[in-house]
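K.L.:
Okay, here's what each chain looks like letter by letter:
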Amino acid sequence: MRTRNGVFGRWGGKRVSRREAIRTVAGATVGALALASMPGPSVRVAAAAGVVNQGKAVTIGLASEPNSLDPHLVVGRNTEIFVANVFDGLTARDASANILPSLATEWGFLGDGSSWQFKLRQGVTFHNGDPFDAESVKFTIERVINPDTKSPIAAQMATIAGVDIVDASTVVVRTKQPDIMIPNRLGELYGGMLSPAHTMATDAATLATKPNGTGPFMLTEWVKNERLVLQANPSHWRGPASVSQITVRPILEDAARIAALQTGEVDFIANVPYERIAELRADPNLVVKTIATPRVFFVSMDPRVKPFDDVRVRQALNYAVDVDAIISALYLGHATRIATAVPTAAFGYDASVTPYPYDPAKARELLTEAGYPNGFSVEFDSFTGSIADHSRPAEAIVEYLRQVGIDVKMNVFEFGAFGPRRVANQVSPLHIYSIGNSFFEPAWVLKFMMQQNLGLFYRNEEIYNLCNQAEATFDASARVPIYAKVQQLLKDDAGFIFLFQNDAVFAMNKKVSYEPRADETQWLYPLQSM
Amino acid sequence: MTAYVVQRLLLAVLVVFGVSIVTFFLTFLSGDPAVLMLPPDASAEQIARFRSEWGFDRPIIVQYGNFLWRALQGDMGTSLRHGTPALPLIAERLPATLQLTVTAMLLAVALAIPLGVISATQRGSPIDLLTMTVALVGQAVPNFWLSIMGILLFSVTLGWLPTSGRGSVLHIVMPAGVLAIGLMALLTRLARSTMLEVLSEDYVRTARAKGLREWVVLSRHALRNALIPLVTVIGLQFGYILGGAVVIETVFTWPGVGLFTIQAISNRDYPVVQASVLILSSAVVLINLLVDLLYGVLDPRIRVQA
Numbered sequence: 010m011r012t013r014n015g016v017f018g019r020w021g022g023k024r025v026s027r028r029e030a031i032r033t034v035a036g037a038t039v040g041a042l043a044l045a046s047m048p049g050p051s052v053r054v055a056a057a058a059g060v061v062n063q064g065k066a067v068t069i070g071l072a073s074e075p076n077s078l079d080p081h082l083v084v085g086r087n088t089e090i091f092v093a094n095v096f097d098g099l100t101a102r103d104a105s106a107n108i109l110p111s112l113a114t115e116w117g118f119l120g121d122g123s124s125w126q127f128k129l130r131q132g133v134t135f136h137n138g139d140p141f142d143a144e145s146v147k148f149t150i151e152r153v154i155n156p157d158t159k160s161p162i163a164a165q166m167a168t169i170a171g172v173d174i175v176d177a178s179t180v181v182v183r184t185k186q187p188d189i190m191i192p193n194r195l196g197e198l199y200g201g202m203l204s205p206a207h208t209m210a211t212d213a214a215t216l217a218t219k220p221n222g223t224g225p226f227m228l229t230e231w232v233k234n235e236r237l238v239l240q241a242n243p244s245h246w247r248g249p250a251s252v253s254q255i256t257v258r259p260i261l262e263d264a265a266r267i268a269a270l271q272t273g274e275v276d277f278i279a280n281v282p283y284e285r286i287a288e289l290r291a292d293p294n295l296v297v298k299t300i301a302t303p304r305v306f307f308v309s310m311d312p313r314v315k316p317f318d319d320v321r322v323r324q325a326l327n328y329a330v331d332v333d334a335i336i337s338a339l340y341l342g343h344a345t346r347i348a349t350a351v352p353t354a355a356f357g358y359d360a361s362v363t364p365y366p367y368d369p370a371k372a373r374e375l376l377t378e379a380g381y382p383n384g385f386s387v388e389f390d391s392f393t394g395s396i397a398d399h400s401r402p403a404e405a406i407v408e409y410l411r412q413v414g415i416d417v418k419m420n421v422f423e424f425g426a427f428g429p430r431r432v433a434n435q436v437s438p439l440h441i442y443s444i445g446n447s448f449f450e451p452a453w454v455l456k457f458m459m460q461q462n463l464g465l466f467y468r469n470e471e472i473y474n475l476c477n478q479a480e481a482t483f484d485a486s487a488r489v490p491i492y493a494k495v496q497q498l499l500k501d502d503a504g505f506i507f508l509f510q511n512d513a514v515f516a517m518n519k520k521v522s523y524e525p526r527a528d529e530t531q532w533l534y535p536l537q538s539m
Numbered sequence: 206m207t208a209y210v211v212q213r214l215l216l217a218v219l220v221v222f223g224v225s226i227v228t229f230f231l232t233f234l235s236g237d238p239a240v241l242m243l244p245p246d247a248s249a250e251q252i253a254r255f256r257s258e259w260g261f262d263r264p265i266i267v268q269y270g271n272f273l274w275r276a277l278q279g280d281m282g283t284s285l286r287h288g289t290p291a292l293p294l295i296a297e298r299l300p301a302t303l304q305l306t307v308t309a310m311l312l313a314v315a316l317a318i319p320l321g322v323i324s325a326t327q328r329g330s331p332i333d334l335l336t337m338t339v340a341l342v343g344q345a346v347p348n349f350w351l352s353i354m355g356i357l358l359f360s361v362t363l364g365w366l367p368t369s370g371r372g373s374v375l376h377i378v379m380p381a382g383v384l385a386i387g388l389m390a391l392l393t394r395l396a397r398s399t400m401l402e403v404l405s406e407d408y409v410r411t412a413r414a415k416g417l418r419e420w421v422v423l424s425r426h427a428l429r430n431a432l433i434p435l436v437t438v439i440g441l442q443f444g445y446i447l448g449g450a451v452v453i454e455t456v457f458t459w460p461g462v463g464l465f466t467i468q469a470i471s472n473r474d475y476p477v478v479q480a481s482v483l484i485l486s487s488a489v490v491l492i493n494l495l496v497d498l499l500y501g502v503l504d505p506r507i508r509v510q511a
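If you read the protein sequences in the order shown, they are chains A and B. Under my numbering, the first sequence has 130 at position 121, and the numbering climbs by one with no breaks. Under my numbering, the second sequence has 304 at position 99, and the numbering climbs by one with no breaks.
Don't read these hints as lab results, they were simulated from the structure. All values reported here derive from a predicted model rather than from experimental measurement. Don't be surprised by glycine CBs; every beta carbon is placed ideally from N, CA and C. It is possible that part of the hints are untrue.
Claimed, not checked - Over the 12 Å line for every Cβ pair with chain A, so calculated as not near, a few chain B residues:
no., residue
1, G282
2, R298
3, A414
4, L432
5, I433
6, T455
Claimed, not checked - Straight-line distance between alpha carbons at most 20 Å, and here's what the computed SDA-like set of lysine to any residue pairs gives:
no., chain 1, residue 1, chain 2, residue 2
7, A, K233, B, Q304
8, A, K500, A, V320
9, A, K159, B, Q304
10, A, K219, B, P290
In isolation and in its complexed conformation, chain A is listed as follows (with noise of 0.2 Å):
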């Protein structure tokens, strides 16, 4: 990676470090995935192909399925996280999340301030025959960034302007701002690209039930909620996949879904509850592996209500809670403490900026300092239904607030009556939150995190310039020192309460073997059969 660093210098532009950008990209996506349903890859040994060097079939459980393979129609998390397996976008990742090419060899950002080149992949062509080129690139933006379409995913190309093509290999992607993010955007994700003529002769069902891709697998068969079946595209630019076969069963419950593992029946299985990852590690026949998501908890605090307005009070919060405790009896020790809202994995993480201790005295000290020796009355809010268990910590949480004389009145509502009090900004001064985005870029979700609506109304100038001066940015190891800065404020602001970023649990049997991802792809290419 690193010897490409800089072959756009030529363009005119600023020398872009690719593994940098796809870093950046790559973190933010991990979170979104993490407590949901995340389907892994499962193997079994079904039948034997007996293709040269492949031959292996494979079954796996996942604890949901994809909604459609429309790549600008999927919804939810869980889908977009499968698409990848059909269709490739421009970049793709490493299993650390690195930027790697995919239909794009090269890029760099154009010196004109708002449009990235990106040399396009010769000789791919998608499943049914369709050559890939730079028309397939303008068709596939276009048609997302179209509202006709109606994309749930358009917002996340809400900075591209348009696509120009320079040749038949040669595209230029213009945006309406600078935005150093457009190689991540058009990655595995949210980048899938389409062949022109098969979409437009194609309706709409049938580009949600049978896809027409570029990628490693070929989707041959889909019976919904029962299963759906990848072939290895034997023509794939890779190379074809080492598997031929993958069966991807939805199985919604857990403990079947753990069953059928233990059973057999299939191969590997994601979404492991934590409780049962002790009892599937002491089985001889069964591998676990665990990753951190990129899902990062905090609490919000609303600054415009006293006595958040007071840095000492939300210092005073942060030391109240003891966050490896709830680590290690909530998450049996599967979670990570963080000291901000940037995850591990996100570019520009920097580790020596630490989390606050679990310190009550020091609370109640601050607390004493702000002039609230007694404490003060607030409302908390939590949910239920979400991609991820938010009232369990919550509950944690408020009791340690209680312990330092905070009067606190919990609300806990379903997350379909949450999303509108935030949307109407109704929520209680404190409420917990996530946020896995798919970017590992921090300046995109600390700018979420400081917007000014849907509950979030905290913002500290100085860190919101700094993430627009990092996201204005494009030669990436300039912005290391920038998110450096950014973190030590978040933490000496105490904008939120920090907490964690979870785990996503995978387990498998010996017939198979995986290496999960950082940023939660259920991406099978790399699946072995032994």
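Here the structure of chain A is known, so what remains is to put chain B in place on it, guided by the hints.
P.N.:
Leaving out everything else, chain B in the frame of chain A:
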């Protein structure tokens, strides 16, 4: 008889219409689809745009009007999640649900009636005691717990049955079995008590006095009369079985309407939830209609009165 059928049919249509109103407004009370469809990090503008694109920002009465107008034309709307019409999505899954529920129903009836009759005729015997104890336990134990225990025993430990999914005959054994147990328990107890009641009727004494064989007394004179309340309960229980199927389908990933509806509810996929509730409630109404008509066959008094 014709007037009776017409009256029942009209009533059924009214019930389904009522269900449509309740379903429509209840789904709207349960939350906002935009917040669940869009990623948690969607901005306020994105949420507002989504709501207006899908019409969720219009007054609820207007939305109901549109819903009803389309529903009358057989269009239940487009699934927010699958992007295809909701009605065919549900219809495709109906066979799996019917296979599961009808199998469970037959299983329950086939076991419950003989067991109830035996218990009644040998009241107080060890067989009666055993049957009633099993029935009590069967009614008391929640079926999701039984399902998980079944999977642990028959799939993980013994390896006899698959853990989940649909396909071979073996796949239906556990889900239908678990679903049947609760109903079987209820029907056994009911069969026993109605048989006991009927056996003390004058016409049974008369039959015995005529010197008929006990078998004929039981089957032709007692059981046939005991069946009338049983048929009512079986009909009413069909709704219960469909409700139970939602749980069982989820645990065993049985690809029927129940599993699909649960997913649609948690995704706030309103058109699918509405279509599914309408179809399931129509099924229950239809079954009850058939039960009403069956009365006429079983009990000539009803036929004559009508």
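K.L.:
At 12 Å, judged by beta carbons, does G282 (chain B) keep clear of chain A as stated?
P.N.:
Non-interface label stands for G282 (chain B): nearest chain A Cβ at 14 Å, farther than 12 Å.
K.L.:
According to the definition I'm using, a residue is off the interface if its beta carbon is farther than 12 Å from all beta carbons of the partner; does I433 (chain B) meet that for chain A?
P.N.:
Its Cβ never comes within 12 Å of chain A, the nearest being 39 Å, so this holds.
K.L.:
Was L432 (chain B) rightly flagged as not at the interface, with every chain A Cβ beyond 12 Å?
P.N.:
holds (37 Å)
K.L.:
Taking 20 Å as the top limit, are the C-alpha atoms of K219 (chain A) and P290 (chain B) close enough?
P.N.:
It holds: about 17 Å lies between the C-alpha atoms, which stays within 20 Å.
K.L.:
Over 12 Å to the closest beta carbon of chain A is the bar; see if R298 (chain B) clears it.
P.N.:
Its Cβ does come within 12 Å of chain A, the nearest being 7 Å, so this is violated.
K.L.:
Given the hint that K500 (chain A) pairs with V320 (chain A), does the C-alpha gap stay at or below 20 Å?
P.N.:
Holds, at about 11 Å.
K.L.:
Does Q304 (chain B) sit within 20 Å of K233 (chain A), going by the straight-line distance between their CA atoms?
P.N.:
Given pair K233 (chain A), Q304 (chain B) holds - Cα atoms ~17 Å apart, limit 20 Å.
K.L.:
Minimum Cβ separation between T455 (chain B) and chain A greater than 12 Å?
P.N.:
violated (6 Å)
K.L.:
Compute the least Cβ-Cβ separation between A414 (chain B) and chain A, then decide whether it is above 12 Å.
P.N.:
At about 57 Å from chain A, A414 (chain B) clears the 12 Å cut-off, so the statement holds.
K.L.:
So if I understand the rule, the pair passes when the alpha-carbon distance is 20 Å or less; does K159 (chain A) with Q304 (chain B) pass?
P.N.:
Roughly 37 Å between the alpha carbons, so the hint for K159 (chain A) and Q304 (chain B) is violated.
Hint compliance for this structure: hints 2, 6 and 9 are broken, all remaining hints hold.
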